[in-house]
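Protein chains: 2
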Amino acid sequence: MARTVREELRRSVVVEDNNHSELPTIYVITPTYPRPEQIPELTRLAQTLMNVPNIYWLVTDDTDTPNQDLIDYLTFTGIPHTYLNTPMPPKYSGHKVKPKGVANRNAGMEWLRQHASKGVIYFADDDNTYDIRLFQEMRYTEKVSMWPVGLVSNKEGLSTPVVSEGKFQGWFEGWNGGRTFLVDMAGFAVPNATMPYKPGHEEDGFLQSLHISPYDIEFKAEQCTKMYVWHTQTKKSSHQPNNIFKKKYDNTNIRVLKELLYYDFNPKNPPNL
Amino acid sequence: MARTVREELRRSVVVEDNNHSELPTIYVITPTYPRPEQIPELTRLAQTLMNVPNIYWLVTDDTDTPNQDLIDYLTFTGIPHTYLNTPMPPKYSGHKVKPKGVANRNAGMEWLRQHASKGVIYFADDDNTYDIRLFQEMRYTEKVSMWPVGLVSNKEGLSTPVVSEGKFQGWFEGWNGGRTFLVDMAGFAVPNATMPYKPGHEEDGFLQSLHISPYDIEFKAEQCTKMYVWHTQTKKSSHQPNNIFKKKYDNTNIRVLKELLYYDFNPKNPPNL
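Protein chains in written order, with numbering that gives the first Met the number 0: chain F, 0 to 272; chain L, 0 to 272.
The set of hints was computed from the structure by calculation and includes no laboratory data.
Do not rely on the hints blindly, as some may be mistaken.
Identical copies go unnamed one by one, so any copy, or any two together, can satisfy a pair.
[As the list claims (entries may be wrong)] In silico lysine to any residue, SDA-like type, Cα no more than 25 Å apart, as pairs:
#1 K234 with V96
#2 K166 with N250
#3 K257 with T233
#4 K97 with K154
#5 K154 with K234
#6 K99 with Q232
#7 K234 with N153
#8 K142 with L209
#9 K97 with K234
#10 K97 with K142
#11 K225 with L22
#12 K246 with S152
#13 K246 with E221
#14 K235 with T64
#15 K142 with K234
#16 K257 with F75
#17 K246 with S163
#18 K257 with T74
#19 K142 with V101
#20 K154 with V96
#21 K235 with N153
#22 K235 with T62
#23 K142 with E109
#24 K234 with S152
Next up, chain F with everything else stripped away, as it sits in the complex (with noise of 0.2 Å):
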C-alpha cells in the first residue's frame, strides 16, 4: 500500500531508458495557451513522449505569467523539457485574424539556435494524436520528411504529398493559396542544423527558406501510406460554473478542484488566441 507512483509506474524506467544517446535527439515544439483543456491535452501528448527515446519537449505557452501547475507537471512526466512564456506581441491583439502559435514556434526555434545544433525538429500542437511509430519515421531525416496527416479540418479530411512508384505526384491539399509546399504544420520534419529559415513564417515559407524543392522530400510512413498522426480536435468546454463558487463548499475539496480547472482562466477575458 504505501508503494509510490514512482515505484509502481514505469516513469523512471523510461527517464532512464530515454537516454539512447546514439539516437538523434528530436526537438518537439509544442505551441500550447491557457485554457481548461491544457493540463488534459499536454497529459495525452506527454503520456505519448514517455514511450519514444531521445526527445526534447520545448513547450512554449502563448501566457506571460508562468502556469506552476503545468511547470510541476512537466517535471513530473521525467522528459527532458523547457518550459518557456512565448505571449503573442501585444500588436496583434486587436487583429481579427491572429498569427496562432507563430510567436511560440519561433520562440522555440530561438531556443534550439542557441542550445542544439543536431536533431530533429518536429511541430507538435497540443490536441492533435500521434502514434509513437511516427517519431521513429521522422528521426533520420537529412532534408525534410513528409507523411499523411489524417482529420484535418479543410474539405478533404487530409493532407499528404500524393506519391505514385516512389515518385511526387503533388498535393493532396484543400487549399493552394500559391505555396510551394501544400502540407500542415504536423506533416513534416526538418534536420536542424544552422538555416537560413525566416522567422514569422508559416509551413510553405518555412519550408522553402531551407531552399529545398519537393523533390528533396523523404517520403515516410510507407511511402505516405499509413496514417500516423490525426488532427482530433477537442471540443471547447462550454460549462458555465456557478455552483462551485458557493459558500457551502468552502473547507471541502471543491475549493482546490476550482483552481485546477480554471486556474488563471477567465472565460470574459480569453488568451491570444
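Please arrange chain L on chain F, whose structure you already have, making use of the hints.
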C-alpha cells in the same frame, strides 16, 4: 537506418515490465464504435496504458464486423488485451435515446466473470484523458474507490464526491435523478470479485447492486483534491471528402489512405450510437 520500430521504441520493454505479477491486475473496459476518430482515440489511450504495468484491456466494439485495422493495432501495442464485437441489440435501433455503451460494458463484464476472479474493474471511454497516476490510485480498491472527473459536460463541469476532513459530505454533480451514487462512469473502480451486479444498469444501479453505501467509498487522488481524469470530447469530423474518390488518384497512396480514414464507415448510415 535499418532499425526496426521494435528496436527503437519502448514497446517491447513495456510488455516485459508489464508483467509485475505481484501487482493486482486492472481490467480496463473500453466501449468503442466505428468512426473516423476511432483509431486515433484508441491510439492515444493505448499509449497511455503502455506506461502502466499489469493492465488487461477489454476493447468492446459496437459492430458486427471485426475491425481488422483495430485488431492489428491492438496486437502492435503489446498490451495484454481482448477484442470483442459487441453490437447493440437490434431492438434499440428505433429508439430515440439509445443505451450507449451498455452492451459493450456488459460484454466486458461477462468476459471477466468467465476469465478472471481477482483484480480491479475500470470503465474507460476512448475519448477521455487519463493521467497514468489514476491507475496507481485505483489498483488496491477494496470496495469502491472514487476520484474527481473534470470537464464533465454537465453544468457543473466537474463530477466528484464532496469531501471535508476525510468525510463524505455529498456529491458535486449536475444531475440527481433520484440516484444514490451521483458518480460519472470514469469516476470509480471496483474490485472484480464475484458480485451480484445487474447487467444493464448504469453507474448507480451497478454500484447499488454491490450493496455498498457512500460511506464505504475509498477517496483517492489525495482525498479527491487531484484531477487525474477528464471528459475531453473530440469534435466529430465534419468533412465531406469527395476529391479523395477521383480517378486521378488511382495507383497512388491516396487510395490506400482512403481505406484507413473511412474503413467500413458510411456517414449516411452510422452505427448504433
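Given a CA cutoff of 25 Å, do K166 and N250 count as a within-copy pair, a between-copy pair, both, or neither?
between (66 Å within a copy, 12 Å between copies)
Given identical chains, is K246 near S163, meaning Cα to Cα at most 25 Å, within a copy, between copies, both, or neither?
Classified as between; 14 Å across copies, 65 Å inside a copy.
Using 25 Å as the alpha-carbon threshold, which applies to K142 and L209: within, between, both, or neither?
This pair counts as within: shortest intra-copy Cα distance 9 Å, inter-copy 61 Å.
Should K246 paired with S152 be assigned to within, between, both, or neither, using CA atoms and 25 Å as the limit?
Answer is between: at 23 Å across copies they meet the 25 Å cutoff, but 43 Å inside does not.
State whether the alpha carbon distance between K234 and N153 is at most 25 Å within one copy, between copies, both, or neither.
Cα proximity of K234 and N153: in one copy and across copies (17 Å, 14 Å).
Which holds for K257 with T74 at a C-alpha limit of 25 Å: within a copy, between copies, both or neither?
Close inside one copy (22 Å), not across copies (40 Å); limit 25 Å.
Checking K257 and F75: alpha-carbon separation at most 25 Å within a copy, between copies, both or neither?
within (21 Å within a copy, 39 Å between copies)
How do K234 and V96 come out at 25 Å by Cα distance, when the copy is not named: within, between, both, or neither?
both (21 Å within a copy, 22 Å between copies)
With identical chains, the pair K235 and T64 could be close in the same copy or across copies; at 25 Å between alpha carbons, which is it: within, between, both, or neither?
Intra 22 Å, inter 33 Å, cutoff 25 Å: intra-copy only.
Within, between, both or neither: K97, K154 at alpha-carbon 25 Å
within (22 Å within a copy, 31 Å between copies)
25 Å Cα cut-off: does K142 pair with V101 within a copy, between copies, both or neither?
within (22 Å within a copy, 50 Å between copies)
Within, between, both or neither: how does the pair K142, E109 come out at a Cα-Cα threshold of 25 Å?
within (20 Å within a copy, 53 Å between copies)
Of the numbered hints stated above, those contradicted by the structure are hints 10 and 15, listed in ascending order.
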